[in-house]
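Enquirer: Residues per chain are reported as follows:
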Amino acid sequence: MSMTALLLFFGVIIATLIITYYAAKRTHDPNDFYTAGGTLSAGQNSFAVAGDFMSAASFLGIAGVISLAGFDGAYMSVGNLLAFLYLMFLVAEPLRNLGRYTMADVISSRFKDKSIRGTAATSTLVVSVFYMIAQLVGAGGLIQLLLGIDYAISVIVVGILMTVYVLFGGMTATSWVQISKAVLLLGGSFILTFMVFAKFDFSLSEMIATAKAQSPLADKFMQPGNQYKSGLDVLSLNLSIAFGVAGLPHVLIRFFTVKDAVTARKSVIYSTWIIGIFFVMTIFLGLGAIGLVGHQDIVTANPAGNMATPLLARIIGGDFLFAFVSAIAFATILAVVSGLVLASASAFAHDIYGQIIKNGKISEREQMKVARIASIMVSVISILLALAAKNLNVAFLIVLTMGIAASANLPVILLTIYWRKFNVSGAVIGMSVGLLSAVILVLFGPNVWSPVEGARILTGEPLFPMYNPTIITIPLGFLGAFIGTLMGSKKAKLADDHYDEILFKMHTGYGLNSK
Amino acid sequence: MENRSHGEMTPMDSYNSEHTESHVSTTDKKSRPTPDYTKLVQAEDFKALMQAKKRFTIPSVIAFTICYFSLPILATYTDWLNGETIFGFTYVWLYAFMQFFMIWGVGFLYMGRAAKFDRDVEAILDNHKEEL
Chain A
1 MSMTALLLFF
11 GVIIATLIIT
21 YYAAKRTHDP
31 NDFYTAGGTL
41 SAGQNSFAVA
51 GDFMSAASFL
61 GIAGVISLAG
71 FDGAYMSVGN
81 LLAFLYLMFL
91 VAEPLRNLGR
101 YTMADVISSR
111 FKDKSIRGTA
121 ATSTLVVSVF
131 YMIAQLVGAG
141 GLIQLLLGID
151 YAISVIVVGI
161 LMTVYVLFGG
171 MTATSWVQIS
181 KAVLLLGGSF
191 ILTFMVFAKF
201 DFSLSEMIAT
211 AKAQSPLADK
221 FMQPGNQYKS
231 GLDVLSLNLS
241 IAFGVAGLPH
251 VLIRFFTVKD
261 AVTARKSVIY
271 STWIIGIFFV
281 MTIFLGLGAI
291 GLVGHQDIVT
301 ANPAGNMATP
311 LLARIIGGDF
321 LFAFVSAIAF
331 ATILAVVSGL
341 VLASASAFAH
351 DIYGQIIKNG
361 KISEREQMKV
371 ARIASIMVSV
381 ISILLALAAK
391 NLNVAFLIVL
401 TMGIAASANL
411 PVILLTIYWR
421 KFNVSGAVIG
431 MSVGLLSAVI
441 LVLFGPNVWS
451 PVEGARILTG
461 EPLFPMYNPT
471 IITIPLGFLG
481 AFIGTLMGSK
491 KAKLADDHYD
501 EILFKMHTGY
511 GLNSK
Chain B
1001 MENRSHGEMT
1011 PMDSYNSEHT
1021 ESHVSTTDKK
1031 SRPTPDYTKL
1041 VQAEDFKALM
1051 QAKKRFTIPS
1061 VIAFTICYFS
1071 LPILATYTDW
1081 LNGETIFGFT
1091 YVWLYAFMQF
1101 FMIWGVGFLY
1111 MGRAAKFDRD
1121 VEAILDNHKE
1131 EL
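Heads up: the sequence lines are chains A and B, in that order. Numbered per our numbering, the first sequence finishes at 515, counting up by one with no gaps. Numbered per our numbering, the second sequence finishes at 1132, counting up by one with no gaps.
Keep in mind the hints are simulated off the structure, nothing from the lab. A virtual CB, placed ideally from N, CA and C, is assigned to each residue, including glycine. Some hints here could point you the wrong way.
Stated by the list, open to error - With beta-carbon atoms standing in for the labels, derived distance ranges:
hint: 1; chain 1: B; residue 1: Thr1065; chain 2: A; residue 2: Asp201; range: 16 to 26 angstroms
hint: 2; chain 1: B; residue 1: Asp1036; chain 2: A; residue 2: Ile381; range: 40 to 50 angstroms
hint: 3; chain 1: A; residue 1: Phe320; chain 2: B; residue 2: Thr1065; range: 42 to 52 angstroms
hint: 4; chain 1: A; residue 1: Met487; chain 2: B; residue 2: Arg1113; range: 31 to 41 angstroms
hint: 5; chain 1: B; residue 1: Ala1123; chain 2: A; residue 2: Lys112; range: 25 to 35 angstroms
hint: 6; chain 1: B; residue 1: Ile1062; chain 2: A; residue 2: Glu206; range: 19 to 29 angstroms
hint: 7; chain 1: A; residue 1: Lys491; chain 2: B; residue 2: Ala1123; range: 31 to 41 angstroms
Chain A extracted, bound-state conformation (with noise of 0.2 angstroms):
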């Protein structure tokens, strides 16, 4: 490891806990913990919804699938970017109006119900922490490839200052650490990607000429289809991402950083200004790193590609450059894991804790003791199997939260703000059947097993064909939805169901700041 990469990522610790020390000072009741007292600006919470999404899995595996399968890898950026259109249509703003930290409150502030609160808190908590598991073991594995420090070091050190981010700064201290973040990454991506630029004389046509030349799929380089092969492959990937995106707790809790509806609706628009941007650029370091790179040698240092832009930074940049890449990489797991831990830490405390076992009965003093003692155990849990899961495929976790957040939280979330007839059994039974699909689905399917031993955790034919099988399970969450409604309807009485009320706070926000 070298004196350069050790001194950054040191850089990076220091600046991450001096934001966490500020961020501590601000941070006295539940409000500042959830929400950052809700007083992101609009410009602050757009770099930190796009933080959320330039994950390291868009900063590196986006480049790197682009370099290695071509058109194939595009859909990631693309698809994202859509899922920020039905966030803005349809999410933001009535969530900013209903909810207070969770997304579970969201849902409660309709019907006023335990066992939905406590599904949705379930489903919040099975999302976040198998997402965090997934970035924890991708964190893990990064830090091992880019400085060779071991696996379990690098997930136990990751996994302790996202524990102290959130512990001290709540979500203060993880918004400003993730808009830093997405400050640096965008810099750096802009740099890197005007020095590939620079390599090819500012020629377009030269640099995918030299992409074609360099990768093994010659001229179908440039073509859709070397990654997917199955059109309904295709379709269910872009379906999960569009609508999995809009689902993902700690995502939506961002909203509510914010003081009202105009400045959710704000910082949605100008973010996808912010990974747009960012997501083009990905495009381009892509294609560089197949040029300069070479295919065989993103692969030898990672099958996935994952490697593709650092290996690119090192040619154009040299040591340094591989360094600052690597920092930054850094830098994103860490941002993403911290809010993950707070999606999932108030998941538990808010909902589970104080409203379902306390009946909202609790003071503000004990809600920051028990967001707390929440935040430890769920970054223990997930530090622990992500330690376990070292040697796993853990590719299958991403497909398998995307698919959840789309089939079991966006479909209750849009039926409840949307569909007067919805009930609370249509909301209970939706997100179950969901959640379970989705799960079942994915463990049966291709990403869990197969015939090669090794590939896979388990050996043996899939039973379920699908890779990805979102184009199933969302039909299957609104089915739920459908069913349970009309199987609840003679129950559902008037006087459980708030629609009128939450119909006319989303829309015009009233009540907001009382609340």
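Mind docking chain B on chain A? Use the hints.
Expert: Showing chain B alone in chain A's frame:
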């Protein structure tokens, strides 16, 4: 009788306003009667806002959904987008780049429309001041 209840209200009010600032929820709910939301959402002005929002939201969502999903569908089920064009890009890349501009454009449209809705909302809240 009248006087006494009037005299009690002032300290009550100041107690409430002090409390809402730092403490939120419980006191606020008790002090103010809940507005009749059913009546509010059935008011003509609110219904008009709902109609206007629907007329904008539903066609937009359908349009951008079709616009986006035509990309993976055309890319996998046809070879229409495989031909080469400028700089060595195939049409599928241009179509994908176009999606970026589509998304930014739709965001711009939304911002303008939402600003109009904000003014409608202000008017609604103003019209129903008494009931809220």
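Enquirer: All hints are to be evaluated individually against the structure, with a verdict given for each.
Expert: Here is what the structure says about each hint:
For Thr1065(B) paired with Asp201(A), a C-beta distance near 40 angstroms fails the hint of 16 to 26 angstroms. A hinted range of 40 to 50 angstroms for the beta carbons of Asp1036(B) and Ile381(A) is consistent with their spacing of about 47 angstroms. Our hint of 42 to 52 angstroms for Phe320(A) and Thr1065(B) holds, since their Cβ atoms are close to 45 angstroms apart. Distance hint check: the CB atoms of Met487(A) and Arg1113(B) are about 38 angstroms apart, consistent with the given range 31 to 41 angstroms.
Roughly 31 angstroms separates the CB atoms of Ala1123(B) and Lys112(A), a value that falls within the hinted 25 to 35 angstroms. The hint said 19 to 29 angstroms for the Cβ distance between Ile1062(B) and Glu206(A), and at roughly 41 angstroms that hint is violated. Under the hint 31 to 41 angstroms, the C-beta atoms of Lys491(A) and Ala1123(B), about 39 angstroms apart, fit the expected range.
Hint violations for this structure: numbers 1, 6, all remaining hints satisfied.
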